[in-house]
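J.: If you want the building blocks of each chain, they are given just below.
Protein chains: 4
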Amino acid sequence: MEQKIIDLTQGKALLKALNDLRKGLKLRSSIEDVHMCLEEEVIKRVGLETGGNLHIAKSRNDQVSTAIRMKLREDLLRLMAAIMNVQKSMINLAEKHVKTVIPGYTHLQPAQPITFAHYILSHLDALERNVDRIEDAYDRVNICPMGACALATTSFPINRDRVAELLGFNEVLENSIDAVSSRDFILETLAVLAIVSVDVSRLVEDLIIWNSTDFGIIELPDAFSGTSSIMPQKKNPEVLEVIRARMSRNLGNFITSTAAVKALPSGYNLDFQEITPILWESIENTCICLNMLSKVIINLKVNENLADKMLSNFSTSTELANILTRKYGVPFRTAHKIIGFMIKRMIENKLTFHDITPGMLHEIAKESSGLSLHVSLEDLHACINPMKFVEAHNVKGGPSPAETERMIKIRIKKLDLTRNRLSEKKRNLTKARKKLNSTSKLYLLGRMRP
Amino acid sequence: MEQKIIDLTQGKALLKALNDLRKGLKLRSSIEDVHMCLEEEVIKRVGLETGGNLHIAKSRNDQVSTAIRMKLREDLLRLMAAIMNVQKSMINLAEKHVKTVIPGYTHLQPAQPITFAHYILSHLDALERNVDRIEDAYDRVNICPMGACALATTSFPINRDRVAELLGFNEVLENSIDAVSSRDFILETLAVLAIVSVDVSRLVEDLIIWNSTDFGIIELPDAFSGTSSIMPQKKNPEVLEVIRARMSRNLGNFITSTAAVKALPSGYNLDFQEITPILWESIENTCICLNMLSKVIINLKVNENLADKMLSNFSTSTELANILTRKYGVPFRTAHKIIGFMIKRMIENKLTFHDITPGMLHEIAKESSGLSLHVSLEDLHACINPMKFVEAHNVKGGPSPAETERMIKIRIKKLDLTRNRLSEKKRNLTKARKKLNSTSKLYLLGRMRP
Amino acid sequence: MEQKIIDLTQGKALLKALNDLRKGLKLRSSIEDVHMCLEEEVIKRVGLETGGNLHIAKSRNDQVSTAIRMKLREDLLRLMAAIMNVQKSMINLAEKHVKTVIPGYTHLQPAQPITFAHYILSHLDALERNVDRIEDAYDRVNICPMGACALATTSFPINRDRVAELLGFNEVLENSIDAVSSRDFILETLAVLAIVSVDVSRLVEDLIIWNSTDFGIIELPDAFSGTSSIMPQKKNPEVLEVIRARMSRNLGNFITSTAAVKALPSGYNLDFQEITPILWESIENTCICLNMLSKVIINLKVNENLADKMLSNFSTSTELANILTRKYGVPFRTAHKIIGFMIKRMIENKLTFHDITPGMLHEIAKESSGLSLHVSLEDLHACINPMKFVEAHNVKGGPSPAETERMIKIRIKKLDLTRNRLSEKKRNLTKARKKLNSTSKLYLLGRMRP
Amino acid sequence: MEQKIIDLTQGKALLKALNDLRKGLKLRSSIEDVHMCLEEEVIKRVGLETGGNLHIAKSRNDQVSTAIRMKLREDLLRLMAAIMNVQKSMINLAEKHVKTVIPGYTHLQPAQPITFAHYILSHLDALERNVDRIEDAYDRVNICPMGACALATTSFPINRDRVAELLGFNEVLENSIDAVSSRDFILETLAVLAIVSVDVSRLVEDLIIWNSTDFGIIELPDAFSGTSSIMPQKKNPEVLEVIRARMSRNLGNFITSTAAVKALPSGYNLDFQEITPILWESIENTCICLNMLSKVIINLKVNENLADKMLSNFSTSTELANILTRKYGVPFRTAHKIIGFMIKRMIENKLTFHDITPGMLHEIAKESSGLSLHVSLEDLHACINPMKFVEAHNVKGGPSPAETERMIKIRIKKLDLTRNRLSEKKRNLTKARKKLNSTSKLYLLGRMRP
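Protein chains in written order, with this note's numbering: chain A, 20 to 469; chain B, 20 to 469; chain C, 20 to 469; chain D, 20 to 469.
No wet-lab data here; the hints were simulated from the structure. Check before you lean on any hint, since a few could be wrong.
Because identical chains share one entry, a pair is satisfied inside a single copy or across any pair of copies.
[Claimed, not checked] Using 27 Å as the maximum straight-line C-alpha spacing, the simulated DSS-like pairs for lysine-lysine come out as follows:
id, residue 1, residue 2
1, Lys356, Lys63
2, Lys115, Lys31
3, Lys428, Lys385
4, Lys407, Lys35
5, Lys407, Lys433
6, Lys444, Lys460
7, Lys444, Lys363
8, Lys450, Lys23
9, Lys407, Lys328
10, Lys328, Lys369
11, Lys432, Lys63
12, Lys428, Lys453
13, Lys363, Lys328
14, Lys31, Lys356
15, Lys453, Lys320
16, Lys445, Lys23
17, Lys415, Lys454
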């Protein structure tokens, strides 16, 4: 109408009919698809002369790609919100556990003390990068294929920019063949979901292992674990196991989709139709799992009495070596050797850090490196104390309570900024929807003319 | 040294030893790994007292992640260049074929005429989005884990920002657990490569099909096809087949890596070590294939005599319907029905668009819709002429030569801009490397002091 | 009861209650799962004293693995039948086209004449190997985990062999940990489905390409192709495209399942629960696609006028070389060179095999190899004739009508034998079910005693 | 020669030339491939007249498929041997630990006592099914495509059965199109390797977790674990981590290959060439990992002092319920409730099974179910004793030492039978090779005539 392709009277009649159909369009299986059904219904209401023009300069090929993108952009925002919800739970939990010292593991072996806050923030940061990826993907999703028609645009003088604007897109997806035959925006979304899956799986794996009787670092809330009727000591991490398993779906769905699209010739192929439900399934699956995860996290109990365990497993040993270098002038490599030697001896004698004395250290240093070392009892105790260990690790990104509190504050601010960007994206979509409606209304009321 | 962790004399001795080792460090299999080998060599040169301090505030866990990122960022730039090289070949080819009309296919059935330039630009645009993805990934790769040490940072007062700056990183990867235990930057790279693979495979699939005797749309250069000694009529698309097959590797490698990382607990696990070669293999494989592809494209011969084929396969039929609506006032849907009816009749009578007459159209319109249609011979010929069809499809993103030339110009400019960004990234890395070297030199010469 | 674990009265009461519940058990969401719901219902009917013993020597861990296997064995038979149905359609089609000569392709280039029967039988044989794989898998599925209980069997003196026999299993899955924690039988089924998918995809890919206007080798029945309302010349292979795309699902589902199970510790984990629906989906998806495929095949029209095309694309050239060797004593490699040289010359002069003469061959042989060759016109015509080519390729497995008819006969017999094995498997399951019912009945009627 | 296609003199000359070339054929990059290189070398030795006939009735298409199958059948036997080697180590380990009681886990929570022998045998049995799968695959690999030539056999009167026999194949791969264009035998092999990977990964996952300080069930031999120089208490399970990561490669390689083959048209495509190295890599990778695993297993130390741990984690609780039912007439469900109730109470009061008394049980039974229960102290102690628990679980497949010893014996016999089948397959291949050589020799010596 604005482009003088159909005249004002016809245009208004079509607008009115479409507006009326918003109240509900009944799909009939005898008609090929929703597009044909809609046209038929419009023709029924305004006659063939007018309704028969509904499909000018359109094709199902560009319409379906446009429709998927319009739903997907909303879904990406929903996904962002679901991740941010998990991050919020993590911050809440972190705030409680800035001083809760737990063993940090490498190779599933106790390595050095950290705090639970420090730990959970590491996963928050990993998720943050996934939020970034979703935002990057959003810009490649929210572009408009309309006007590409079957694949070669049209000989009618349409205005593709105007259509894109009214539908809330950031820009036009220019090349018309590209517009109808590309599905990389779906693959990119599924790839991001696959990476989210890997990150979530690793967190969940930690929680399952740490919830075991043998590790005993956390305790799952009863509502999220199954107990056997006869074995109430068991806290089967059922919700976490379900999340872990479902995360695999995203890997499989990425393969289903890439394998399907990979060898397709250019142009529209009906194979595309089979990919779309995979996309929705993956998003739904991920959102549900993220929501469950958020609830698990917020209800997690962390064992606050692990100091003893850490003394028994020597996990503060590196700090003992550090102080030899820092305060007693022993070269770093030599310090390491002395402490290594000492721990080996202690294990052989079934001792732990509870039993350490300056004399023992002196003797070992002499024996292993010929050094005469007189470490004060105070230094010794400070080094092997897990909380002091953590406090001493105070550089950027480290586990010390001060540094962790600083990081929490920054992450709260970052989360606010991300929330603002999310809101703005939502607002833009709402604004476009409103503009489309009001434009249509103004034409119908005769208050606006092309 | 700058942080007063080791004194100036020791620091200079270590710098000198490391500088000397640049000329070549011999790896020995008796020593566990490159880190230990390096330390041992330094100790040999400067003594244990000094050399034993080389490893202060470092761990193999943060070093290996840093090293992978330093190589990967260069590789991402190499990958960008390889894609842009293909795009450049595409532009060269497109410039030659702005007016070369070929059938556009959907469902592998001839649908509407397009031009070869229009076609090849659609793939250029798909690749452009992959360049964007690589640049997005670059920012998540080029962040610095150094200082995270084993997983809990260190009690030595290091300056992580200064290390990141001297190593050319954009910023510090803050949380120290995240820094050593995340490999999402590898998975993201492999995901982008998987999407590149899908896009390249589809282009290659088109070219293989179009190179067949039956389609005859393009002809592969002899150097890129295998001919049987007895069947010189065969042009086996061997290079393209190899590219197509190798593209599958990126899908598999994505799975290898996600499956390996997916269920790992946090912290460093040796499993990571096995992922790295997969990453290098995927990048190498992709760069090689892109380079082959670029050479194939630039040498492609396109059949310029396909107009007849397009008249025989009725691929201009939509334009015939369009003119009925645009010029003769027939509702769009009715116009479609008349033309559809006519083509069916022509197929039954073994006629093609070569045989069409105004009288035939008049008769069919009458019979099928009761309309009396007097389309001029001139209009009729204009509609069924593939070149005229293409010229009439002149909206944004369409195949008309004018629009295609406009698009080519813009893409040349865009490519220049991307090249500039790529150069700037390279410059930044070079600048950082120079600064590191000059800083080291100034310290060694005593012209700079902490 | 038979093992004297519960007494006769209780045993009969339990049997009666379970029999009654066959008429329908209402699941309630307030109860954890079907097992608990069943027990509660039985207790309601026979009291806690008796009903409370229903679960002696059972666990959900062994029950669920048993139940999956009991459904899966039926599904495997259904899958076998679906493949055999496709094979039957192929035989029907083959019987019609023993003499329908079509070009055989390699590298998507016309290579040598074959017949459509010969072609479709190649896919029948590939499917046959999949039937074999299903039968192999069946034996690893149909083994009985019951009695493994949670993971350590039970201290009640149960008879696992008797349970296996009554449930129709071939044998007991012995080691009790293995019995409850292995899911390789699911992965094997999904792997076979993935291979079926690859085989079906390749057939479908051929049909889509051969149905294109450009190849024109087959024509899809209208009911299985979509035609555009305006472009009735188009025969969009929609059903085949849908099958092709859905086949990718099996690849993805294999990855979903292997990635989920891969890193699980031994023993039952709830992750298993999420794999089972993937299995059912893959089987359902495959059966539906196979049924569609069977219908497409039986309705396929094959172009019987392709002889001309084959003369134009020189696809009989190898036979021309063969006769030079066989009848005129030219070494094989030399014969190849002469013919290759000749075809090259003919292409340059825009000639085809329609134009070949003995003189031309004589001249070329002289020029290229210095030989004086006098091939008779009769020999020449026999060689370039596609039907004669096919007849001459009469060794085992070749395309000659005689050999193809022999192969069809054997495949019909083989299919009968497979059908017999399938029936026998079904009969065994039915027999076991009957025995279970009659045993239960005899106990209830007091006609049998432990 | 036997088929009178080439005469005796030529045939003998060719045989002689080929025999001579066994000593070494130099590949030259100027010649397309090994086939052409071989022919050229033969022509150089015996002249064009004779050597030019070397390629009669052959094509690279059937030759390459034959060659892959000939190498793959040897590799499958190597793979069988590697698995059986692991099984042998398992039996050795099992024999030592028939009475070593360890906690059995479900959901990574201690569930019931088992023995280490019982545990390791569960993995032996899983591997056994993989040996079966390899043997099933072997029969689909060891069939002969020779004679299929390019895709349509040949017009020369070859004898395909004789060729298959001399090359050691079980039968001819009949349909010639199927023979050159199928690669399902590669996919099947990769699928089996993927399942092996999943099974091995799960075993390795158990061992890594059980080797952790927190679980402490096994201890890895020093030669297979990495210790930090400063943290000698760490036993990083490095070899197991490497095996776990490499097992993922088989999943990825399955996807690489299926994705590549999936959408290929029938007939030979060069894409096939890219799949073959993936196959060899997967086999090599798997064999290496299996060999490492075998060595780890044979050197594993199992903690034999876990009884205390099992009393603390209540893992014998089910047996306590069982005895209430079996000896004291309490319905099974009620018995479960009483024990569940009691354990809950004990946990609240920080008690373990060390503290249990008949009085406590009596009190709880009264309170929770109104029953008056007088369990003897002897029964009580027998039930909670892990070794007695294990001895009482004596049904088929259970953990009792008697049953486990029975199972070990059977598995030793089974392994012998499998070894015999493996040897026979090897013998058949050797026999065929010898026959081929002797036949060739007899012809050369003139002692045999066609």
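J.: Each of the hints needs a verdict: does it hold here or not?
T.: Hint-by-hint comparison with the structure:
Taking the shortest alpha-carbon separations for Lys356 and Lys63, only the inter-copy value of 17 Å comes in at or below 27 Å, while the best intra-copy value is 89 Å. For the identical chains of this complex, Lys115 and Lys31 are neighbours neither inside a copy (61 Å) nor across copies (45 Å), given an alpha-carbon limit of 27 Å. Taking the shortest alpha-carbon separations for Lys428 and Lys385, neither the intra-copy value of 47 Å nor the inter-copy value of 56 Å comes in at or below 27 Å. Taking the closest pair of Cα atoms, Lys407 and Lys35 never come within 27 Å of each other, the shortest separation being 73 Å inside a single copy and 36 Å across copies.
In this homomeric assembly, Lys407 and Lys433 never come within 27 Å of each other (Cα to Cα): the closest approach is 30 Å inside a single copy and 56 Å across copies. Taking identical chains as interchangeable, the C-alpha atoms of Lys444 and Lys460 lie at most 27 Å apart only when both belong to the same chain, with a minimum of 24 Å there against 50 Å between chains. Taking the shortest alpha-carbon separations for Lys444 and Lys363, neither the intra-copy value of 59 Å nor the inter-copy value of 49 Å comes in at or below 27 Å. For the homomeric pair Lys450 and Lys23, the shortest alpha-carbon distance inside one copy (26 Å) is at most 27 Å, but the shortest distance between copies (57 Å) is not.
In this assembly of identical chains, the alpha carbons of Lys407 and Lys328 lie at most 27 Å apart only when taken from the same copy (15 Å versus 31 Å across copies). Proximity of Lys328 to Lys369 under the C-alpha cut-off of 27 Å is found in both arrangements, the shortest distances being 14 Å within a copy and 18 Å between copies. In this homomeric assembly, Lys432 and Lys63 never come within 27 Å of each other (Cα to Cα): the closest approach is 56 Å inside a single copy and 50 Å across copies. For the homomeric pair Lys428 and Lys453, neither the shortest alpha-carbon distance inside one copy (37 Å) nor that between copies (36 Å) is at most 27 Å.
In the homo-oligomer, the alpha carbons of Lys363 and Lys328 lie at most 27 Å apart both inside one protomer (18 Å) and across protomers (25 Å), since each shortest distance falls under that limit. Only between protomers do Lys31 and Lys356 lie at most 27 Å apart by alpha-carbon distance; the minimum there is 25 Å, versus 86 Å within a single protomer. Taking the shortest alpha-carbon separations for Lys453 and Lys320, neither the intra-copy value of 47 Å nor the inter-copy value of 51 Å comes in at or below 27 Å. Taking identical chains as interchangeable, the C-alpha atoms of Lys445 and Lys23 are never at most 27 Å apart, the minima being 32 Å within one chain and 51 Å between chains.
Taking the shortest alpha-carbon separations for Lys415 and Lys454, only the inter-copy value of 23 Å comes in at or below 27 Å, while the best intra-copy value is 48 Å.
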